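Enquirer: From first to last, the protein sequence lines are chains A and B. For the first sequence, the UniProt record's numbering begins at 1 and goes up steadily by one. For the second sequence, the UniProt record's numbering begins at 1 and goes up steadily by one.
Some hints here could point you the wrong way.
Which copy is meant is left open, because identical chains are indistinguishable; a pair holds if it fits in one copy or across any two.
[Stated by the list, open to error] Computed list of lysine to aspartate or glutamate pairs in DMTMM-like fashion (alpha-carbon distance at most 25 Å, straight line): (1) Lys-133 to Asp-88; (2) Lys-65 to Glu-104; (3) Lys-185 to Glu-140; (4) Lys-65 to Glu-131; (5) Lys-264 to Glu-316; (6) Lys-200 to Glu-43.
It is worth saying that the hints were derived from the structure and are not from the lab. Since we're looking at a predicted model, the values are computed, not measured.
Protein chains: 2
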Amino acid sequence: MKKGHQVTMKEIARKLGVSVSTVSRALKDSPELHPDTKKKIVEAAKAMNYQYNLLAQSLRISRSKVLGVIVPELTSHFFSSNISGISDTAYRRGYNVMICQSNESYEQEKANVKTLVSSQVDGLLISLSRETKSYEHLQELYDREIPFIMFDRVTEEIPVSKVTVDDAHGAYLAVHHLLEQGCRKIAYFSGPEDLYISKKRKEGYLEALKEFGIPESEARIYVTDLTPEGNRKISLQMIAEKDRPDAVFAMIDPLAIDLMTVLKEKGVKIPDEIALAGFTNNPTSAVVDPSLTTISQPGYEMGKIAANHLLDQLDEIVSDEPQSFVLQTTLVARESSKKKH
Amino acid sequence: MKKGHQVTMKEIARKLGVSVSTVSRALKDSPELHPDTKKKIVEAAKAMNYQYNLLAQSLRISRSKVLGVIVPELTSHFFSSNISGISDTAYRRGYNVMICQSNESYEQEKANVKTLVSSQVDGLLISLSRETKSYEHLQELYDREIPFIMFDRVTEEIPVSKVTVDDAHGAYLAVHHLLEQGCRKIAYFSGPEDLYISKKRKEGYLEALKEFGIPESEARIYVTDLTPEGNRKISLQMIAEKDRPDAVFAMIDPLAIDLMTVLKEKGVKIPDEIALAGFTNNPTSAVVDPSLTTISQPGYEMGKIAANHLLDQLDEIVSDEPQSFVLQTTLVARESSKKKH
């Protein structure tokens, strides 16, 4: 154990194999617990030299009534919907919200955590930057018992509550729909392969193909860095192929729209020659011509659930046992994929 | 004078007809000032029973290195561009940014000011909510000498620096372009008439008409509450008219796009029968069919100028004399207005 390290309730819980809220209740001498359990916990706490965190306690009592939010970017429709859901919920429950954006930078994300903690927010809602691969800044929050939960871009390494969407199933829905339209040579336009959503959406793509008897060896995967130039490059490459796909599932709507632009330039008919589906349901996707078939993510709902759960934890309506909320996506079928039969 | 009221440097400056920075320099015994000026100011400060604001001073010295931002909403592309400009600039200069949204609510805006001030931000950048008609909350900031500036949605009532775009001139550019295309019966689709931008854009609309010899009596103004239903209503009303317009300038892009949807439904050809121009240059406007002619506002630039100016004030690179920055807009001519001659 590090010198000067303060034992936390979470460490006691881990050691005894009980929940943090059980430890918390035992140390508060709650009448709900069995006396034997209480005794076991109190003794372990003493043995581990646990010091009741008075500062954290006093912060919990003298609330600032402010939640802190960290998102990778604010210009994305998805994250701004998350924030609307969080803000509306917080405001309704008497809380204000302060937002920081990490700009997809790990360093900025660490600075954001520090800034919001110094501002004495009562809790945080965090969605990770694309760059974040190590989690000491979150581990520190966790060790200091500052309440937080994660949404959309999460890590399994920190045992807090998480709200995510079922990416693989969303991709499955899109590809299944293209298959139902009669397409059999369906390509997947993927972002960088180490991105979580690239992987998850690929899983759903492969699963739908499998269901229609198409083996993984016949999968057609094109990878782009998601810049307009990168998207254009794989679009031209795909069009030039001899045995070209009859449909494309694009990992995100902006990629689908970049492809659409190239298809139109080259006179390829959508959906007759190539059918298209995206993922996100950006406002733009409804108004492009042809309108884009896509997967709708419940961004507002996600923010609402995340904020309500964190506030429930703060108000001790629910325990701070980590929970996982996985939200379902829905298919929005539009002109870009509907074959006339 | 109110009981317990603390005299501020601003009041001394107002009384003597000098700038606040001159007062500040005099009280700091700066060698830059003429001894007579210094003497006059120091005597006035004594007579007015001025107490040097030690708290404000100490806050200025022990900086949090955080700027607070208040915007009406985050889902708008324009405000999220402002925020990107502010964040990039602040981060480059070693500051972090915390953002609150007012949701177009006056009460929420007041709560935001309070939250950010309690978080001890070094300064604020504020864009007013649609509801805000009284300014005590800003007057209080001003009296407490907490540095802030306003952008886009501003009020003349508080003498701080402001960054705005030239709305009237932008509207003039759009309508002038429609006139150049040969249109002569140009309608203005306006939002609620008490909105600042409704008025300013109307001014530009009328000015362009006047330049082409069209009197105000021939102006065709349709007012909507900017809801999809309201927009649809005035669109149908306009189409049904006997002597209907040959062009429409819509106050904001989403209104132009709602009109476009109705025109397409009714089989009215764009731009041949009715030409269209909007204002904002949302990403959607480039991809609708036909693509929408619009006025581009320098949202990112605006945020950058606002943040740099506030940081220059904090670093005393510039004085805190109120300055006004008015940014120019540009015409983005696309298919919705280009008549083939």
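Enquirer: Hints first: check each against the structure and report whether it holds.
Expert: How the hints compare with the structure:
1. In this homomeric assembly, Lys-133 and Asp-88 come within 25 Å of each other (Cα to Cα) only across copies, at 23 Å, whereas the closest approach inside a single copy is 31 Å.
2. Taking the closest pair of Cα atoms, Lys-65 and Glu-104 come within 25 Å of each other only across two copies (21 Å); inside a single copy the shortest separation is 27 Å, beyond that limit.
3. With identical chains, the CA atoms of Lys-185 and Glu-140 are never at most 25 Å apart, being 48 Å at best within one copy and 65 Å at best between copies.
4. In this homomeric assembly, Lys-65 and Glu-131 come within 25 Å of each other (Cα to Cα) only across copies, at 24 Å, whereas the closest approach inside a single copy is 30 Å.
5. Neither within a single protomer nor between protomers do Lys-264 and Glu-316 lie at most 25 Å apart by alpha-carbon distance, with minima of 56 Å and 54 Å respectively.
6. Proximity of Lys-200 to Glu-43 under the C-alpha cut-off of 25 Å is found in neither arrangement, the shortest distances being 45 Å within a copy and 72 Å between copies.
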